[in-house]
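Protein chains: 2
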Amino acid sequence: MKDFSFEIHKELPNCLGRIGTIHTPHGDILTPAFVTVGTKGTVKSLTPEQVKGTGAQVIIANTYHLYLQPGDETIKNIGGLHKAMNWNGPLMTDSGGFQVFSLGAAYGNKLGKIANKKDEELLLSDTAEDEKPKIARIDPNGVMFRSHTDGSAHYLSPEKSIDIQHNLGADIIFAFDECTSPHESLHYQKEALERTHRWAKRSLEHHKSKENHKTQALFGIVQGGRDETLRKESAEYIGSLDFDGFGIGGSFDKEDMDKAVEWCNSILPKEKPRHLLGIGEPIDLFGAVEKGCDLFDCVSPTRIARSGMFYTKEGRANLLNQKFREDLKPLDENCKCYACQNFSRSYIAHLFHAKEILGATLLSIHNIHFVVAMVDGMRETISSGNFEAYKQDFLKKYYANS
Amino acid sequence: MKDFSFEIHKELPNCLGRIGTIHTPHGDILTPAFVTVGTKGTVKSLTPEQVKGTGAQVIIANTYHLYLQPGDETIKNIGGLHKAMNWNGPLMTDSGGFQVFSLGAAYGNKLGKIANKKDEELLLSDTAEDEKPKIARIDPNGVMFRSHTDGSAHYLSPEKSIDIQHNLGADIIFAFDECTSPHESLHYQKEALERTHRWAKRSLEHHKSKENHKTQALFGIVQGGRDETLRKESAEYIGSLDFDGFGIGGSFDKEDMDKAVEWCNSILPKEKPRHLLGIGEPIDLFGAVEKGCDLFDCVSPTRIARSGMFYTKEGRANLLNQKFREDLKPLDENCKCYACQNFSRSYIAHLFHAKEILGATLLSIHNIHFVVAMVDGMRETISSGNFEAYKQDFLKKYYANS
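Chains as they are written, first to last, in my numbering: chain V, 1 to 402; chain C, 1001 to 1402.
Accuracy of the hints is not assured; some may be wrong.
[What the hints assert, rightly or not] Only pairs whose alpha carbons sit at most 35 Å apart, straight line, appear in this in silico DSBU-like list of lysine-lysine:
#1 V:Lys210 to V:Lys160
#2 C:Lys1210 to C:Lys1254
#3 C:Lys1323 to C:Lys1044
#4 V:Lys329 to C:Lys1214
#5 C:Lys1044 to V:Lys336
#6 C:Lys1232 to V:Lys355
#7 C:Lys1044 to V:Lys52
#8 C:Lys1201 to V:Lys83
#9 V:Lys355 to C:Lys1010
#10 C:Lys1052 to V:Lys329
#11 C:Lys1397 to C:Lys1010
#12 C:Lys1355 to V:Lys355
#13 V:Lys272 to V:Lys355
#14 V:Lys44 to C:Lys1044
#15 C:Lys1010 to V:Lys76
#16 C:Lys1323 to V:Lys52
#17 C:Lys1323 to C:Lys1272
[Claimed, not checked] Coverage of chain V stretches by chain C, computed from C-beta distances (three or more under 8 Å per stretch; other residues unrestricted):
#18 78–90
#19 314–328
#20 341–351
These are calculated hints, taken from the structure and not from any lab test. Glycine included, every Cβ here is placed at the ideal spot set by N, Cα and C.
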């Protein structure tokens, strides 16, 4: 695609990690980069200027949610998603495939990106708050599903997903895939993977047949669950197609994730960027970077913010804890974010106790900045050669109390 | 008080209106000025920079709410309310007297500043959302009341109100008063007015005995209900005391308000600023300015914003109306606010339908800006001599559909 390219500036020794720059029609993304989630075309509780102020370079919005409401045609009429949400930086949309998984096999099973993780905020995609009984049915051509809001019936196919994403107009879009439940049999995993591969090809062909392929980059998604053979087969096949970059999808056990990512990235063409979908824990991000991922997104920073949780260099803390009521310190010492530069824990705790919206806004700004700054640190130390020391120091402090 | 003064620049002919400047330790207020409400030490859903961006010059916070939570001592420990909420412009606090009224005589009667107005958002003070059965009992020395949140018992007296307001540290504070219900007998109104007058004197004496009188201006409050004799008596008495300015309190019928304000302002010393408490409808603001008020505050702009209502030059509109779903225009044409400069009605309607917090933020910014800009127009046209034409034109368009 014109106006889209990826440069690698330096590689980490003895692993797959690297730093680089993704050039997009709406500006550059220095990688590795944390992608901020704006599910419904807004990073929850923040203006686009506030998002930019956190240091965030790129936002990912949700095809499934925006298709249902306000509708991709409405967004197109406004002039595309960049214009609608007044974000003039790089923008991505997922394909809707993960939501099909949430509504189908994963529904009611509390399965998320990391299947066995107990932290509730990591368990499900951003649909978790408003889920009601519903169903998704997969056939060879696509997926019939019912809206999680009004029960209306809809059909998503690779072509339909690409059409919606063309209407939304993000800089980077994704092929339609099936994210399988880790509880499915190997037989089903194989069948689903074949489907994902056929859908990848159809997504790519449909994309290339439209004008939009000149302004939007398409990433293919590698699946294959936790099975080494399937993962490698998927990386080989998806990697062989003419995508502009790749996503790595799936629902993992924590210990399986690093391995699965390494299987994929050892095979995927090194000169194209790779996005690990839906990962946000510090230890996972360090692992993903070492294993060669350039992008990752997660709802955690904003979701936990709305319930009063915030990141510190010594781990996560709950601002509703009584001890913060009289605490005059910023959320995290030496933090450069807007919330820490201007407000005390005591005042922000008051906002939460008083149920004032500004509390969620300030913690969201802080939490996004925290993760963005952590990844900035990875880029800087890969550049300067101190990555290993940075990682050890960061993780030791962060997990000291857990 | 040092660092506090009021200059009158020009007067409107044939009425009591004027334009001027109030100098405070945290900057100037060009008058007439709309005072933005930040009940719990935050203008709901906005950062202080967003408040400033609307053109708002001054914020009023609530003594009763901040005393109960987080506590005025906590605010003092943070370094005062300016520092806590990161607002370095002029700041006011009310005395808690109006909340006593809300919790006492007015409780359950849906009485607000304008007693017979049906618009729900104007009916009660900002306590409306979380009211539970409770009580306030008035005695000669003060008021015993139960917290609207946890039922705990508290006692507010003139001295206590001033102490709380000294801890909060706003530039302009108010004497403790009793706002009576319009349904009380004349006998009770007289008794209450005598109490308010004694409390005014005690507030002033207590204030003057403390160091804070050098950095905080104290306004006395005129009461007297709708009775001409009582109103005038109150203006005479309160006006004779050494206050830095005055508030006009009370719960009015719409038609009575202009008269009551005129009675007060014909008597109050002209060289001191006057604040009409809790008024926000355009027609009321024009009336208040003509009758010589320099300041007024109201929760309406932010409260109606959170339910999807927004101001336009052609009156109020409800963004949840279906017709706005595909409307590409800004909230109000030619509006210079951040929301109108950057977002369409269609997108903001989507935010409301999707229950996204940013919707309330954008409408709050727009609504505050709308009222602030309307009052800016009053200042400009009083200065240029076109006030009457501006008023006629504004009100004709605004109320054309009502």
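> Which of the listed hints are broken here?
Replying inline: When the structure is compared with the hints, numbers 2, 6, 8, 9, 13, 15, 17 turn out to be violated.
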